[in-house]
Amino acid sequence: DVKVTQSSRYLVKRTGEKVFLECVQDMDHENMFWYRQDPGLGLRLIYFSYDVKMKEKGDIPEGYSVSREKKERFSLILESASTNQTSMYLCASSSLAGGSYEQYFGPGTRLTVT
Amino acid sequence: ILNVEQSPQSLHVQEGDSTNFTCSFPSSNFYALHWYRWETAKSPEALFVMTLNGDEKKKGRISATLNTKEGYSYLYIKGSQPEDSATYLCACNTGTASKLTFGTGTRLQVTL
Numbered sequence: 024d025v026k027v028t029q030s031s032r033y034l035v036k037r038t039g040e041k042v043f044l045e046c047v048q049d050m051d052h053e054n055m056f057w058y059r060q061d062p063g064l065g066l067r068l069i070y071f072s073y074d075v076k077m078k079e080k081g082d083i084p085e086g087y088s089v090s091r092e093k094k095e096r097f098s099l100i101l102e103s104a105s106t107n108q109t110s111m112y113l114c115a116s117s118s119l120a121g122g123s124y125e126q127y128f129g130p131g132t133r134l135t136v137t
Numbered sequence: 028i029l030n031v032e033q034s035p036q037s038l039h040v041q042e043g044d045s046t047n048f049t050c051s052f053p054s055s056n057f058y059a060l061h062w063y064r065w066e067t068a069k070s071p072e073a074l075f076v077m078t079l080n081g082d083e084k085k086k087g088r089i090s091a092t093l094n095t096k097e098g099y100s101y102l103y104i105k106g107s108q109p110e111d112s113a114t115y116l117c118a119c120n121t122g123t124a125s126k127l128t129f130g131t132g133t134r135l136q137v138t139l
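Protein chains in written order, with my numbering: chain A, 24 to 137; chain B, 28 to 139.
FYI, nobody ran anything at the bench for these hints, they're computed from the structure. Some clues are possibly wrong.
[As the list claims (entries may be wrong)] Heads up, simulated SDA-like pairs for lysine to any residue below, C-alpha to C-alpha not over 25 Å straight-line: (1) A/Lys80 <-> B/Ser70; (2) A/Lys26 <-> B/Asp111; (3) B/Lys69 <-> A/Asn107; (4) B/Lys96 <-> B/Asp111; (5) B/Lys96 <-> B/Thr46; (6) B/Lys85 <-> A/Glu125; (7) B/Lys69 <-> A/Val47; (8) A/Lys78 <-> B/Ser125; (9) B/Lys96 <-> A/Glu125; (10) B/Lys69 <-> A/Asp51; (11) B/Lys105 <-> B/Gln41; (12) A/Lys26 <-> B/Thr46; (13) B/Lys69 <-> A/Pro130; (14) B/Lys84 <-> A/Ser123; (15) A/Lys26 <-> B/Ala113; (16) A/Lys93 <-> A/Ser30; (17) B/Lys84 <-> B/Pro109; (18) A/Lys36 <-> A/Arg91; (19) B/Lys86 <-> A/Tyr127; (20) B/Lys69 <-> A/Met77; (21) B/Lys84 <-> A/Lys78.
[Unchecked claim] So the derived list for chain A, only partly shown, Cβ under 7 Å to chain B, looks like this: (22) Asn54; (23) Gly65; (24) Tyr124; (25) Glu125; (26) Phe128; (27) Pro130.
As the structure is a prediction and not an experimental result, all values here were calculated from the model. Heads up, the beta-carbon is just placed ideally off N, CA and C, and yes, glycines get one too.
Looking at chain A on its own, in the form it has when it is part of the complex (with noise of 0.2 Å):
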């Protein structure tokens, strides 16, 4: 089975704090991704690597960076934490492999920032 692991299920930090999620994968999975989901507003794409130190911005990158120095391994940073950054955190990954682009996620980390 794949697994999607996310460091926390919930995590509490203060405003101006700098936050790292940390997402691993263990499928060998070339593709991480790092959405966002907040009520009424769906999944939304913050960042995504296609490869080792490889990333794009998605659809709502300010305020986040990411960092992928190994395959298996995708960071989420919030270098300054806003009260606005308080969401559910998703990770996911996926494979070139088969063409399907099928993504496989995390449990989620809820963050609140205070």
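Once you've looked at the hints, dock chain B against the given chain A.
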């Protein structure tokens, strides 16, 4: 940014009812349409990935159809059960991009 729309936003049905939801997406540069089920406190899980116009897929009581020319997909649930309660997401990718654009989801609640 692609515009993927789902309707209805939410749905409340009785056990045993059959139901369906709609996903609409831009038909130009279409590559694939995905349906995911997202249960509370769990990760979204893929139900179907469809690529061909006229495609129909089935998994147990759940089925989906695809019309790429007019840009819509239907998800059907026959004889809904309480365990079907979840948010159903559709997503679209265009060209050969691995990036998906998600709709806002349809939240289904099935009661006894």
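Results of checking the hints against the structure:
1. A/Lys80 <-> B/Ser70: holds, 23 Å
2. A/Lys26 <-> B/Asp111: holds, 23 Å
3. B/Lys69 <-> A/Asn107: Holds: B/Lys69 and A/Asn107 sit about 24 Å apart, inside 25 Å.
4. B/Lys96 <-> B/Asp111: The hint is violated at about 30 Å.
5. B/Lys96 <-> B/Thr46: holds, 24 Å
6. B/Lys85 <-> A/Glu125: holds, 17 Å
7. B/Lys69 <-> A/Val47: This hinted pair holds, its Cα atoms lying about 17 Å apart.
8. A/Lys78 <-> B/Ser125: holds, 13 Å
9. B/Lys96 <-> A/Glu125: holds, 22 Å
10. B/Lys69 <-> A/Asp51: holds, 22 Å
11. B/Lys105 <-> B/Gln41: holds, 12 Å
12. A/Lys26 <-> B/Thr46: violated, 31 Å
13. B/Lys69 <-> A/Pro130: Status holds; Cα separation ~6 Å.
14. B/Lys84 <-> A/Ser123: Between B/Lys84 and A/Ser123 the Cα gap is close to 14 Å, so the pair holds against 25 Å.
15. A/Lys26 <-> B/Ala113: Cα-Cα ~21 Å, so holds.
16. A/Lys93 <-> A/Ser30: holds, 16 Å
17. B/Lys84 <-> B/Pro109: holds, 22 Å
18. A/Lys36 <-> A/Arg91: The hint holds at about 23 Å.
19. B/Lys86 <-> A/Tyr127: holds, 18 Å
20. B/Lys69 <-> A/Met77: violated, 29 Å
21. B/Lys84 <-> A/Lys78: violated, 34 Å
22. Asn54: holds, 5 Å
23. Gly65: Hint on A/Gly65: holds, closest Cβ of chain B at ~4 Å, below 7 Å.
24. Tyr124: holds, 5 Å
25. Glu125: holds, 5 Å
26. Phe128: holds, 4 Å
27. Pro130: holds, 5 Å
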